[in-house]
Amino acid sequence: MPENSPRFAVAQSTVHEDPTNAALLRESGAEVRKLMKQAADAGARLVHFTEGALCFPSKRVMSELGPDEIGPSDWSKAEWTVLQEELDRIAALSRELGIWTVIPSVHRLPAPTRPHNSTYVVSDQGKVVARYDERTLSTTKITWMYTPGKEPVTFEVDEYRFGLALGLDVLFPELFTEYDRLDVDGVLVSYSTSGSSGNEVVPTHARGSAAMNTYWISLAVPANPAAGVASGVIDPRGNVVVEGPADGSPGIAVTDLHRVDVTTIGREFRRRTRDRIGS
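Numbering of the sequence shown is given in this note's numbering, commencing with residue 126 and proceeding in unit increments.
No wet-lab data here; the hints were simulated from the structure.
Only a predicted model underlies this, so the values are computations on that prediction, with no experimental measurement involved.
Warning: the hint list may mix true and false statements.
As the list claims (entries may be wrong) - Computed cross-link-like contacts, DSSO-like style, restricted to lysine-lysine with a CA-CA straight-line distance of at most 27 Å:
| hint | residue 1 | residue 2 |
| --- | --- | --- |
| 1 | Lys275 | Lys252 |
| 2 | Lys252 | Lys184 |
| 3 | Lys184 | Lys202 |
| 4 | Lys275 | Lys184 |
| 5 | Lys266 | Lys202 |
| 6 | Lys252 | Lys162 |
| 7 | Lys252 | Lys159 |
Make a model of the complete structure from these sequences and hints.
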């Protein structure tokens, strides 16, 4: 891994579910920018946000048959102009603060094609330099809402290479092995918790993937006191080194990424063995 130790911030922010509500989109954008400023004040070079940071569209809100019946999403109802304005403000602030921002959002495609559920990478120059589209869509997402992505995506900040994962990607270890083959130093996982149960498995999967692939993982989740899960950063040994507010309130957690002697934790051995057995 690189010798330098960039400071990294992971956020947990409020998630709203109605992309037809312009006021809520602006409220989410304002909170994201507030947390970006906190991250920059803490000296972070990169800040990572949860799935749904700007909006996590509800299947019932978007259903053309809803809200009482789930059906194909009517994306013409979304406030696309407001959503783009908020993304533009985030990009402008990234440039002003000199910080990289990893921000999930819905990516519009020409009608009648459904949008992607995506993560944008905004550079410290205020430019969108990469976009990842969620590949392992849930049954609801792929049946009624989104177009799945197809490819892994990587980008580099200060000589560190990162991969991106979104939503249910966290449950599929083969995606994380794929990123190991792409020689990343870490994977940024954005996940939207649901309800108050079943979320505890997500940090377990993230920690396991970090340890099995000997790289850093950042897990960004919503500010949701009922979920029982906090955002956090996991080191290449699978240890949680920093977490967001335990009470589920909006906030950031900051840590310095540092070089790990991967020879002592088996990275090269696992890579050779995977190549040999074809996995």
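Open item on the list: So if I understand the rule, the pair passes when the alpha-carbon distance is 27 Å or less; does Lys252 with Lys159 pass?
Closed with: Roughly 19 Å between the alpha carbons, so the hint for Lys252 and Lys159 holds.
TODO: Take the C-alpha atoms of Lys184 and Lys202, compute the straight-line distance between them, and say whether it is at most 27 Å.
DONE: Roughly 13 Å between the alpha carbons, so the hint for Lys184 and Lys202 holds.
Open item on the list: Given the hinted pair Lys275 and Lys184, is their Cα-Cα distance within 27 Å?
Closed with: holds (23 Å)
Task: Proposed proximity, Lys202 with Lys266 (alpha carbon, max 27 Å) - done: holds (17 Å)
Open item on the list: For Lys275 and Lys252, compute the direct alpha-carbon distance and say whether it is at most 27 Å.
Closed with: Judged against 27 Å, a Cα distance of about 23 Å means the pair holds.
Open item on the list: Just to be careful, I want the Cα atoms of Lys252 and Lys184 compared with a cutoff of 27 Å; is the pair within it?
Closed with: violated (31 Å)
Task: Straight-line alpha-carbon gap Lys252 to Lys162, limit 27 Å - done: holds (18 Å)
Hint 2 alone, counting from the list given before, is not met by this structure.
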